[in-house]
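> So the protein sequences, as listed, match chains X and R. Numbering follows numbering that gives the first Met the number 0, in which position 189 of the first sequence is assigned residue number 188; successive positions increment by one, without gaps. Numbering follows numbering that gives the first Met the number 0, in which position 67 of the second sequence is assigned residue number 66; successive positions increment by one, without gaps.
The reader is advised that the hints may include incorrect statements.
Derived DSS-like pairs (lysine-lysine); straight-line CA-CA distance at most 25 Å [claimed, not checked]:
1. K71(X) x K42(R)
2. K42(R) x K74(X)
3. K123(X) x K74(R)
4. K71(X) x K123(R)
5. K74(X) x K71(R)
Quick list of simulated restraints, FRET-style, between CB atoms [claimed, not checked]:
6. R53(X) x Q103(R): 21 to 31 Å
7. A200(X) x R107(R): 25 to 35 Å
8. Q103(R) x V49(X): 19 to 29 Å
9. G20(X) x E188(R): 25 to 35 Å
10. A52(X) x E194(R): 48 to 58 Å
11. D172(R) x R53(X): 36 to 46 Å
12. R53(X) x D166(R): 56 to 66 Å
13. L17(X) x I176(R): 50 to 60 Å
14. T192(X) x G20(R): 51 to 61 Å
Which residues of chain R face chain X? A few of them, derived with a C-beta cut under 8 Å, are [to be verified]:
15. A52
16. V56
17. R60
18. D166
19. A170
20. D174
21. L208
22. R211
23. T224
Source of the hints: derived by calculation from the structure; they are not laboratory data. We put the beta carbon where it would ideally sit given N, CA and C, even for glycine.
2 protein chains.
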Amino acid sequence: MVSLPEEEAQHLTRVLRLKAGAPVRVFNGRGSEFDGVVERAGKDAVRVRVGHARGTVPEARVAVTLAQAVLKGDKMDAVIRDAVMMGVVAVQPIVTDRSEVTLQSLLRGRRQERWARIAVSSAKQCGRAVIPAILEPQAFDAVVASLAGMTLPGPCLMFVEPSAAADAVAAGDLDRIPPREATVLVGPEGGWTPEELEKGAAVSRPVTLGGRTFRADAMPVVALTALFTRWGEL
Amino acid sequence: MVSLPEEEAQHLTRVLRLKAGAPVRVFNGRGSEFDGVVERAGKDAVRVRVGHARGTVPEARVAVTLAQAVLKGDKMDAVIRDAVMMGVVAVQPIVTDRSEVTLQSLLRGRRQERWARIAVSSAKQCGRAVIPAILEPQAFDAVVASLAGMTLPGPCLMFVEPSAAADAVAAGDLDRIPPREATVLVGPEGGWTPEELEKGAAVSRPVTLGGRTFRADAMPVVALTALFTRWGEL
Numbered sequence: 000m001v002s003l004p005e006e007e008a009q010h011l012t013r014v015l016r017l018k019a020g021a022p023v024r025v026f027n028g029r030g031s032e033f034d035g036v037v038e039r040a041g042k043d044a045v046r047v048r049v050g051h052a053r054g055t056v057p058e059a060r061v062a063v064t065l066a067q068a069v070l071k072g073d074k075m076d077a078v079i080r081d082a083v084m085m086g087v088v089a090v091q092p093i094v095t096d097r098s099e100v101t102l103q104s105l106l107r108g109r110r111q112e113r114w115a116r117i118a119v120s121s122a123k124q125c126g127r128a129v130i131p132a133i134l135e136p137q138a139f140d141a142v143v144a145s146l147a148g149m150t151l152p153g154p155c156l157m158f159v160e161p162s163a164a165a166d167a168v169a170a171g172d173l174d175r176i177p178p179r180e181a182t183v184l185v186g187p188e189g190g191w192t193p194e195e196l197e198k199g200a201a202v203s204r205p206v207t208l209g210g211r212t213f214r215a216d217a218m219p220v221v222a223l224t225a226l227f228t229r230w231g232e233l
Numbered sequence: 000m001v002s003l004p005e006e007e008a009q010h011l012t013r014v015l016r017l018k019a020g021a022p023v024r025v026f027n028g029r030g031s032e033f034d035g036v037v038e039r040a041g042k043d044a045v046r047v048r049v050g051h052a053r054g055t056v057p058e059a060r061v062a063v064t065l066a067q068a069v070l071k072g073d074k075m076d077a078v079i080r081d082a083v084m085m086g087v088v089a090v091q092p093i094v095t096d097r098s099e100v101t102l103q104s105l106l107r108g109r110r111q112e113r114w115a116r117i118a119v120s121s122a123k124q125c126g127r128a129v130i131p132a133i134l135e136p137q138a139f140d141a142v143v144a145s146l147a148g149m150t151l152p153g154p155c156l157m158f159v160e161p162s163a164a165a166d167a168v169a170a171g172d173l174d175r176i177p178p179r180e181a182t183v184l185v186g187p188e189g190g191w192t193p194e195e196l197e198k199g200a201a202v203s204r205p206v207t208l209g210g211r212t213f214r215a216d217a218m219p220v221v222a223l224t225a226l227f228t229r230w231g232e233l
């Protein structure tokens, strides 16, 4: 028997209006999903009797952390939703020189909590039984320090404009054998500054996506799809 | 000297509020972009003196037509915007068994005109000087007949669920040598019916994108990115 978290309990009673005896599926956010039956559906507390485990969507063989510059307005919501759909294991929001937000305003606006709720909802929609972690927003320099200190996992791929780095590799030419873990750096609307490109190059490999211009909010899904195609996930 | 189309003329005078003498860029929708100077900015008519040609974003070597099932609500707007960003040359909207719209309601709602405006705006945003054609919506059977009669270009790739076709190929395993032209079939929220899968198989090759579940409105950008990665465009 398990109790649902408050938000899911309210969704079950107030939106879905389920009563005791209703069949449901529950998942533990760490890869397992189960059949269940509602035992008690109170106003703010719901208890579910847990039954058999179910098959879920297989997770990617590469554990990707998306280190994404925070975008303007609510565009980051779409980025979180898409990244979870694609199959990342974590999103590290970053504040760069050209981000139009500050770390303080992100914390004040409780954006991390909002993004975590979006991650839950996208995982449910896409049949993932793993809820990716939404990490605490960090400044670009702090993320570079984490990469240098290996607290962020695996090799780092930094997506850049073709003009930004002479030694960049096209996504389609990356090694077909995937790493076990990888961090993927994607910049804001205005792109990386020359200083950020230089600092990034010290801890990552610059990667391009050909000569097209992609909208900043579409970059994560395009970058992740290109990588997963190359790595045999699609 | 050229006159701008009415909608662009109004955008220039009423939104951008440009006057005679203002420097602008104009493009002819067929691949060329030019520097220009506003010569006369009247209320509904704007004339521009055309100067030197400019470099534009290179077009894909594969001329892709996206044959996309019309989605619910305004989700098709996002699909058109993304497909133009990715670099398709045309979008063929199709009405399938599980589409929640009819051809009649699309025509009555002037959706084709709306999508054509979105195509212009997305092409401008992404620096493309080619405006992809938004074709007249057709029933699925009519599109299959066009593919059989070769009025739609090149080989056809039909994106399907892995469970839908035993002989489907993964996008990442397609031939690396791109065709000159291709038609890409993408289904609606509820997927293809067994009858549509059968009719489609007669004129196309079934292609899968691994075991993940993608939102219907994200399918075109994921499918096109996977193809373009495989074909050396990204």
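> Run every hint past the structure and note whether it holds.
Structure-based check of all given hints:
no. : hint                          : verdict
1   : K71(X) x K42(R)               : violated (34 Å)
2   : K42(R) x K74(X)               : violated (35 Å)
3   : K123(X) x K74(R)              : holds (20 Å)
4   : K71(X) x K123(R)              : holds (20 Å)
5   : K74(X) x K71(R)               : holds (21 Å)
6   : R53(X) x Q103(R): 21 to 31 Å  : violated (41 Å)
7   : A200(X) x R107(R): 25 to 35 Å : violated (55 Å)
8   : Q103(R) x V49(X): 19 to 29 Å  : violated (49 Å)
9   : G20(X) x E188(R): 25 to 35 Å  : holds (30 Å)
10  : A52(X) x E194(R): 48 to 58 Å  : violated (35 Å)
11  : D172(R) x R53(X): 36 to 46 Å  : violated (29 Å)
12  : R53(X) x D166(R): 56 to 66 Å  : violated (28 Å)
13  : L17(X) x I176(R): 50 to 60 Å  : holds (53 Å)
14  : T192(X) x G20(R): 51 to 61 Å  : violated (34 Å)
15  : A52                           : violated (17 Å)
16  : V56                           : holds (6 Å)
17  : R60                           : violated (11 Å)
18  : D166                          : violated (18 Å)
19  : A170                          : holds (5 Å)
20  : D174                          : violated (14 Å)
21  : L208                          : holds (5 Å)
22  : R211                          : holds (6 Å)
23  : T224                          : holds (4 Å)
Hint check: violations occur at hints 1, 2, 6, 7, 8, 10, 11, 12, 14, 15, 17, 18 and 20; the rest are consistent with the structure.
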